[in-house]
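Starting from the known structure of chain A, fit chain B onto it as the hints suggest.
Chain by chain, the residues:
Number of protein chains: 2
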Amino acid sequence: MIETPYLLFLGDAPDQLAAKVAQGIKDWRPEYAIGQFRMEGCNADMGLPDLSLAEAKAKGVKTLVIGVANRGGIISPAWKKVLVEALEEGFDLASGLHNLLREEPELVAVAEATGRKLHDVRVPSVAYPIANGVKRSGKRMLAVGTDCSVGKMYTALCMEKELRARGHKATFRATGQTGILITGNGVPLDAVVADFMAGAVEWLTPDNDADHWDLIEGQGSLFHVSYSGVTMALVHGGQPDALVLCHEPTRDHMRGLPGYKLPSLEALRELALTCARVGNPNCKVVGVSVNTQHMSETEASAYLAKIEADMGLPATDPFRFGAAKLVDALEAI
Amino acid sequence: MIETPYLLFLGDAPDQLAAKVAQGIKDWRPEYAIGQFRMEGCNADMGLPDLSLAEAKAKGVKTLVIGVANRGGIISPAWKKVLVEALEEGFDLASGLHNLLREEPELVAVAEATGRKLHDVRVPSVAYPIANGVKRSGKRMLAVGTDCSVGKMYTALCMEKELRARGHKATFRATGQTGILITGNGVPLDAVVADFMAGAVEWLTPDNDADHWDLIEGQGSLFHVSYSGVTMALVHGGQPDALVLCHEPTRDHMRGLPGYKLPSLEALRELALTCARVGNPNCKVVGVSVNTQHMSETEASAYLAKIEADMGLPATDPFRFGAAKLVDALEAI
Chain A
56 MIETPYLLFL GDAPDQLAAK VAQGIKDWRP EYAIGQFRME GCNADMGLPD
106 LSLAEAKAKG VKTLVIGVAN RGGIISPAWK KVLVEALEEG FDLASGLHNL
156 LREEPELVAV AEATGRKLHD VRVPSVAYPI ANGVKRSGKR MLAVGTDCSV
206 GKMYTALCME KELRARGHKA TFRATGQTGI LITGNGVPLD AVVADFMAGA
256 VEWLTPDNDA DHWDLIEGQG SLFHVSYSGV TMALVHGGQP DALVLCHEPT
306 RDHMRGLPGY KLPSLEALRE LALTCARVGN PNCKVVGVSV NTQHMSETEA
356 SAYLAKIEAD MGLPATDPFR FGAAKLVDAL EAI
Chain B
56 MIETPYLLFL GDAPDQLAAK VAQGIKDWRP EYAIGQFRME GCNADMGLPD
106 LSLAEAKAKG VKTLVIGVAN RGGIISPAWK KVLVEALEEG FDLASGLHNL
156 LREEPELVAV AEATGRKLHD VRVPSVAYPI ANGVKRSGKR MLAVGTDCSV
206 GKMYTALCME KELRARGHKA TFRATGQTGI LITGNGVPLD AVVADFMAGA
256 VEWLTPDNDA DHWDLIEGQG SLFHVSYSGV TMALVHGGQP DALVLCHEPT
306 RDHMRGLPGY KLPSLEALRE LALTCARVGN PNCKVVGVSV NTQHMSETEA
356 SAYLAKIEAD MGLPATDPFR FGAAKLVDAL EAI
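These protein sequence lines map, in sequence, to chains A and B. Taking the working numbering, I'd label the letters of the first sequence as residues 56 to 388. Taking the working numbering, I'd label the letters of the second sequence as residues 56 to 388.
Only chain A is shown next, with the shape it has when bound in the complex (with noise of 0.2 angstroms):
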């Protein structure tokens, strides 16, 4: 559990992209996201408040969060003059980069030596226990993708927001490390040994109110072969009861598989209800989500309304046009 608020260090990004993990934060926890912290040379603004360390602490700033990342996920020595600034000044630091802060001599030692925490969302700090596959109470939902990065986290967040806007109980669940670092917590799962890694997700989504969804962030895909042992830990770990697809229309072929095409979303309907009705039998497929970003607005659309026709789904981009139609169906379970 990371503490809140942050303060979003954006270092030196050379672009906006580069601040990815920054801007999830700010576009999804506004409320955690107090200011920004930029370095000369930063060409990425957050539109937040510049503050410095002490500016933030005075505003009650728990956690400095690096929200950049950098070619190669190192932390460069101008970097590490910051952080060590920032554990003096009462700080924990939080990072999802290769280049892990614990790996560190000198944070490791200022960290222990002002009683502060660093927290590397990159490797599982829990000891997951063994599935159980025992029912547990509350609701959850899962985005499942055709593909790798197809949109499922932001799917996902889509949906937690409307859910609690129309005064449902609902919380995002990340399997990521962007997604740990947005909301505080999660499971980095793609680091999880093999044999914990259903159990990692029954202890991410615990016995709940009956009446409370857990929105959890998919990952990877059943039709990806590089990772879709991860998905399957999702769709039997998770107990899903309801499914969103998720699809990004515009793609050649499979993420990093030359070769490889992708599924249909009637294909992927059909395989990962299968595989969800072995740990909830009543699973249903609730709706699509696209990822229309490559399209202009009159070809997303007609795409979204092609899809309603073919599957008898609900179908939008909830990022572009809202996830209205998938929490209808929520709200319909």
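There is no bait here: all hints are sound.
If chains are identical, the list can't say which one is meant, so a pair holds when it fits in one copy or spans any two.
For lysine-lysine, the following DSSO-like pairs were computed, each having C-alpha atoms within a straight-line distance of at most 27 angstroms:
{"hint": "1", "residue 1": "Lys190", "residue 2": "Lys316"}
{"hint": "2", "residue 1": "Lys316", "residue 2": "Lys339"}
{"hint": "3", "residue 1": "Lys361", "residue 2": "Lys316"}
{"hint": "4", "residue 1": "Lys224", "residue 2": "Lys380"}
{"hint": "5", "residue 1": "Lys114", "residue 2": "Lys172"}
{"hint": "6", "residue 1": "Lys135", "residue 2": "Lys75"}
{"hint": "7", "residue 1": "Lys136", "residue 2": "Lys75"}
{"hint": "8", "residue 1": "Lys112", "residue 2": "Lys136"}
{"hint": "9", "residue 1": "Lys75", "residue 2": "Lys114"}
{"hint": "10", "residue 1": "Lys216", "residue 2": "Lys114"}
{"hint": "11", "residue 1": "Lys81", "residue 2": "Lys112"}
{"hint": "12", "residue 1": "Lys361", "residue 2": "Lys339"}
{"hint": "13", "residue 1": "Lys380", "residue 2": "Lys361"}
Calculated directly from the structure, the hints in this document are not laboratory data.
Same frame as chain A, now just chain B:
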């Protein structure tokens, strides 16, 4: 790679069942099993010569393999005395115990001083790659089960033996601790980090001669909610040309999961084939392997005949009745 041949350490095994690993080595790699080492109170017997460490050394033994699992998987002081002597005598040690050899400072110190190796097959020793899905040469069979522990390892080993007896090139590929100790190498798949599972399977079953068969040991089950992710990584990473369905017909419920019924063989055929064809569109289900140990010979024969009639697939208990039917089916591919 564990150096062969072996001296099988039976320790103070309370009964024959506790020495399951030693039994597996003796059954499947008799040429590696030069002798056994029994301590006071040992009630297991592999029918091999009882050798002192010096005698084993004289016979060319390279590695002492811990062929016994005791309660808790602990290395007792009495065992440790023998293991230290074995290192000093010039043997490597190999173990699949939870209590790792490398966690015992005394063993580590002596191994270092004598230049011997400690093989803990429970944990991976290789930095596996992310799977790339590129089609590999050679042929592969994967054993998939309706449940865990239904005989997938024995099925693959029986098929390897029969293929070799017919003069074919064939290699059993171990994916679990017992299989690794039996054959001297493999991947402890349940201990691999999630992102690298499918890559580990690709690594284990590399390009080979066009007429070579890998017989891949399965793990878990696509229908077992605790371990299905591991199975999925095998189905996709293994690129199987042939699947053999494995089943144990007398179970009330999935192993460790009261309330979860076993799937039908038909359901397994359908799901496993759908998944496998993502990685290898030419994959076929070639036969059924039934573990009939809890059935009389008459019951077993009747059960196998019914499966053959119902499914149109050859069915056998390869350990009881031989693997000829399954290997006939591989030859027909």
